[in-house]
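Need the complex rebuilt from these two chains, each delivered in its own frame; the hints are there to steer you.
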Amino acid sequence: MISERLQNIILKELNLNSFDFKDETTANQVPGWDSFNHINVILAIEKDYNIHFKGLEILKVKNIGELQKLIDTKLQN
Amino acid sequence: MFSNIDFNKLLQLFVYDPQDHLFFSTSFFLFLFLALLIVYRLTAKSRNAKIFTLIFFSLFFYYKNSGYFFLLLFLSTFINFYLGNLLYKAKSAGIKRLLFILALVIDLGLLGYFKYTNFFLRILNDLHAGNFQPLDILLPVGISFYTFKAMSYVIELYIGSMEPTNSLKDFSLYMFFFPNILAGPIDRAVNFLPQVENDIVITKEDIGRAIFLIMCGLFKKNVIADYIGINFVDRVYQVPLRFTGVENLLATYGYALQVYCDFSGYTDLAIGIALLLGYKLMDNFNVPFIATSVADYWRRWHISLSTWLLDYMFKPLQMSFRKWKIYGSAVAIFLTFFAVGLWHGANWTYVVFGLIHSTYLAVSLLTIKYRKAIYDKLHLTGTKFLKVFQIIITFHLLLVGAVVFRSDSLKTAKNVFHQIFHFFHGAVFFQWIQGYSKVAILILLGYILHFIPKSIDKKVQNLITESPLVVQALLLAVMIIVVFQVESAQLQPVIYFNF
Numbered sequence: 001m002i003s004e005r006l007q008n009i010i011l012k013e014l015n016l017n018s019f020d021f022k023d024e025t026t027a028n029q030v031p032g033w034d035s036f037n038h039i040n041v042i043l044a045i046e047k048d049y050n051i052h053f054k055g056l057e058i059l060k061v062k063n064i065g066e067l068q069k070l071i072d073t074k075l076q077n
Numbered sequence: 001m002f003s004n005i006d007f008n009k010l011l012q013l014f015v016y017d018p019q020d021h022l023f024f025s026t027s028f029f030l031f032l033f034l035a036l037l038i039v040y041r042l043t044a045k046s047r048n049a050k051i052f053t054l055i056f057f058s059l060f061f062y063y064k065n066s067g068y069f070f071l072l073l074f075l076s077t078f079i080n081f082y083l084g085n086l087l088y089k090a091k092s093a094g095i096k097r098l099l100f101i102l103a104l105v106i107d108l109g110l111l112g113y114f115k116y117t118n119f120f121l122r123i124l125n126d127l128h129a130g131n132f133q134p135l136d137i138l139l140p141v142g143i144s145f146y147t148f149k150a151m152s153y154v155i156e157l158y159i160g161s162m163e164p165t166n167s168l169k170d171f172s173l174y175m176f177f178f179p180n181i182l183a184g185p186i187d188r189a190v191n192f193l194p195q196v197e198n199d200i201v202i203t204k205e206d207i208g209r210a211i212f213l214i215m216c217g218l219f220k221k222n223v224i225a226d227y228i229g230i231n232f233v234d235r236v237y238q239v240p241l242r243f244t245g246v247e248n249l250l251a252t253y254g255y256a257l258q259v260y261c262d263f264s265g266y267t268d269l270a271i272g273i274a275l276l277l278g279y280k281l282m283d284n285f286n287v288p289f290i291a292t293s294v295a296d297y298w299r300r301w302h303i304s305l306s307t308w309l310l311d312y313m314f315k316p317l318q319m320s321f322r323k324w325k326i327y328g329s330a331v332a333i334f335l336t337f338f339a340v341g342l343w344h345g346a347n348w349t350y351v352v353f354g355l356i357h358s359t360y361l362a363v364s365l366l367t368i369k370y371r372k373a374i375y376d377k378l379h380l381t382g383t384k385f386l387k388v389f390q391i392i393i394t395f396h397l398l399l400v401g402a403v404v405f406r407s408d409s410l411k412t413a414k415n416v417f418h419q420i421f422h423f424f425h426g427a428v429f430f431q432w433i434q435g436y437s438k439v440a441i442l443i444l445l446g447y448i449l450h451f452i453p454k455s456i457d458k459k460v461q462n463l464i465t466e467s468p469l470v471v472q473a474l475l476l477a478v479m480i481i482v483v484f485q486v487e488s489a490q491l492q493p494v495i496y497f498n499f
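Quick mapping for you: the protein sequence lines, in order, are chains A and B.
Everything in the first sequence is counted per our numbering, starting at 1 for the first residue and increasing by one.
Everything in the second sequence is counted per our numbering, starting at 1 for the first residue and increasing by one.
Excised from the complex, chain B in its bound form (with noise of 0.2 Å):
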């Protein structure tokens, strides 16, 4: 029977290859993590069971999708516990510090080294300094998430507003929890850990939300992200000049919705999975592009990572720079913002873009007075009008953002300004309706969903909850199956992978 199988390819298949990666969308991590839910079921009595089931299954998702980089999650793991839990411990306030500075040098130390010692190199080159040769550095993936993740525990303890973990093996499920370990959610230990510590219970609404936050995910990342990515926005933004403004524009219209469905696709897919284990990730987008300002974008886009950044960077900035008043605030959120941007990758075009925020913020922060007084002498305050007219400019303010952060340099960015505002063209909006007929139903259909009130969702969230398991097998079956049918022939990794 079993004479067919050629087990040294079965073998392989459990092997790191940099160009099979274990993603949530492939047929192979489905059939894994069935597996998975069978042996978590299985030791569902034992709590150590099932911690060590997810550790080493974390582990093995991990080495798949980055080979012999789990070694340095390992190390940033046991640092940042053991400083951690040293720093918690220090009776002197001065060796508290010294422990925190250290993790904080380690923690950043690595993040820096692999993510922008070519890109320092680039400068020093720039501003003939030296005739550097770039590094042979591969971008461990993930390691941006899990070490905001790591400091997050170094940082709460720090501050002395939650109390350490004395159990590494309990850490290690935080740190490689294989759900948010490659892109987010940037879960707070502070948040996770009691999850671990306590027994996990799955509700029957857990499973409805879980089972719809999975068909969501399949269908923005898979079906609507993926298509428009490569039939449409790449194509313009590989040659921009190829192509007239209108179709810039479109283009821009089409990376704004595909980057949000890829990434907040991922994250309900991320959320959907460790809630089928027990374990309830933080939400990470709250409908972004209803946003009545920049701010209120900030607090619905990426919210992992734009809390992450406020707790521990904006507000202890904002605290130190008090006596400036509000020009404090700017300075800090100017920092901030430059730390949003590199975040995203060593590049100028994410350093530009986190300019771009910035400069909207502050703006906004200092003619915040002028414009509340235009409103309300015009009688429009809290008036629809007033929330339409915001949400289309802010929306069209993050567009410029977007420019910028799609281009792969700020030649590119700049060729895609000079196309819409010198080429524009309108007319050809009717052939690219045409041409580009699936293209434009997908990004219409992308944004309608967006825009779905909440308690719809809800409606349909509760419709699943409330359905038996074989419709809800049923219906999770139907989405892997149209994904399978629009899915590209190449597999199309997260965009938030390269961050």
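This is chain A alone, in the form it adopts within the complex (with noise of 0.2 Å):
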């Protein structure tokens, strides 16, 4: 599951009004998320988030709900 939180950044970030996000959507199916503008999504979640990713473990994400695990598990730690 995708948190609101989390949906409502990328919309956000991307000038989206809607998007029916599953964890298995991928940046490429996502209107607008290019490779330029992928970091200006990471940028915003960390901060909002007040998180700070890895380079790796952005490599290693490879769909939103990837990328919401690694949220989840930043904010346990």
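Hints are computed from structural coordinates only; laboratory data are not their basis.
Heads up, a few of these hints could be off.
Said to hold, decoys possible - Where chain B lies over chain A, by a calculated footprint (3+ residues, C-beta under 8 Å):
(1) 28 to 37
(2) 57 to 67
Said to hold, decoys possible - Listed below are several chain A residues computed to face chain B (Cβ distance under 10 Å; list not exhaustive):
(3) N40
(4) L43
(5) E46
(6) F53
(7) K54
C-beta atoms are modelled at their ideal positions from N, C-alpha and C, and glycine is treated no differently.
Now the structure itself:
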């Protein structure tokens, strides 16, 4: 499940009104989430949750479900 | 019956000869490939027999094209297999990192030695840092492609996004696989290895698609690219100053099409041949000249290289520079495209080519907000007019890069631009049409075929799929005859074999 908070951050960053996010959704399926905007989304998530991703952690993430999991683990630590 | 056969000559066919390569479009390859398909069919029940057949054939294919450099391929395969698996199993992060760096240093070191040593010496000479004689180093064909394939394995293991294979045999097939060893597509281990591990299924659709791709590939490479290259583009680019600006411009339009047909035609052959063996290679092209921006173009051109650099170089750099926000991305673009340029070869023209493209992308990134605002204000957003306008502008921006890319030196490129901007003589166009009518027809045909909607491609492909085997074979035979009819006297290697 993708949390409302994460969905809102992504929607706001990509100027989208709504999008049906699923665990297996990949970045290139979301309108506007290209390789340039990717870093803006990551920065917005880091800022909103006040967390810091390591380069390797982000490279490993394959879809939004995995991104949510990564955020959850960061918040628990 | 065999008294007339010169067995010595026959044997020579199987020995490496620098003048006689074994490319996909040669009759000898065709003969060997048919033999391979028969053996492949006979060994259908044993997975191991199939893999060993392919490994053996691939090694022979590589040996025929590069001689004893196949030993280097062996070396690269062993090193990356063992280092990759060691680093995956390493318990401590430090050792993992150390092994990863070691693999990268070896891979890039080998690539660098063979590709860039003489370029580096030339730079030192130019800087008057000494007087170095160029070394006698031959470039092993395909090294840029298989090194990147090997690196993708090690990098994915380091990131942790795939499991290693325990089979050196499977990994060897990934590295040696003859359809993509000379000029890609640079397939990822993560996509290819599961195919080696699982049973091979070749569907009716696969065969139809393979025949369609092989026909397209032969036509694009051997008819369009080779003909316009030899009969027009090469002549102009040899001495641009002998031709008017309009001819230089037409040669550049021709070259953009030539390099596309040459490389994507070769890729079609590679993908088609692999499909007949039951392997699905990644797509490498997606109608690149329909791109509405330079960034869009790089999502459509040489996709296996651009995604490789995007995933393994641009994204990590972008993450490291993320504090500088949009400017960090711009720096990442410049560094990545410096690598794109150098990857193509050790020449200043390629470095400048990379610089031109990185400038396009960086400017596009930094101005995107303002351009969007202008389009909105003029009510152009989402209109067909804007799309066509963007396609035309993008295409001509690409042509600037193409001039530099094709030229053997920056001086040649300068001469081409000089002729176009200062010696245009537009009226010569009509003489050109008369003098080069076949070239003109092929250029026009090539561009028309390029812009044909994908749905029509798909329909033709389905038609071939539904045809009986005899008709499929007949279609292929007709295309091969057409190719032999127009083929130039000398075999034209694929442009990307040099990279």
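(message) Tell me if the interface restraint on N40 of chain A is satisfied: Cβ within less than 10 Å of some Cβ in chain B.
(response) Cβ of N40 of chain A sits 8 Å from chain B, so the hint holds.
(message) Let's test the interface hint: is any C-beta of chain B closer than 10 Å to that of E46 of chain A?
(response) Holds. Min distance 8 Å.
(request) For the hint on K54 of chain A, just tell me whether its beta-carbon gets within less than 10 Å of chain B. (result) holds, 9 Å
(request) Count residues of the region 28 to 37 of chain A with a Cβ under 8 Å from any Cβ of chain B, then say if the count reaches three. (result) holds (count 3)
(message) F53 of chain A was flagged as interface toward chain B. Is the shortest Cβ-Cβ separation under 10 Å?
(response) holds, 8 Å
(request) Examine the region 57 to 67 of chain A for residues whose CB is less than 8 Å from any CB of chain B, and state whether their number is three or more. (result) holds (count 4)
(request) Under 10 Å, Cβ to Cβ, is where L43 of chain A needs to be relative to chain B, so tell me if that hint holds or is violated. (result) It holds, given that the least Cβ distance between L43 of chain A and chain B is near 6 Å, below 10 Å.
Checked against the numbered hints given earlier, the structure satisfies every one of them.
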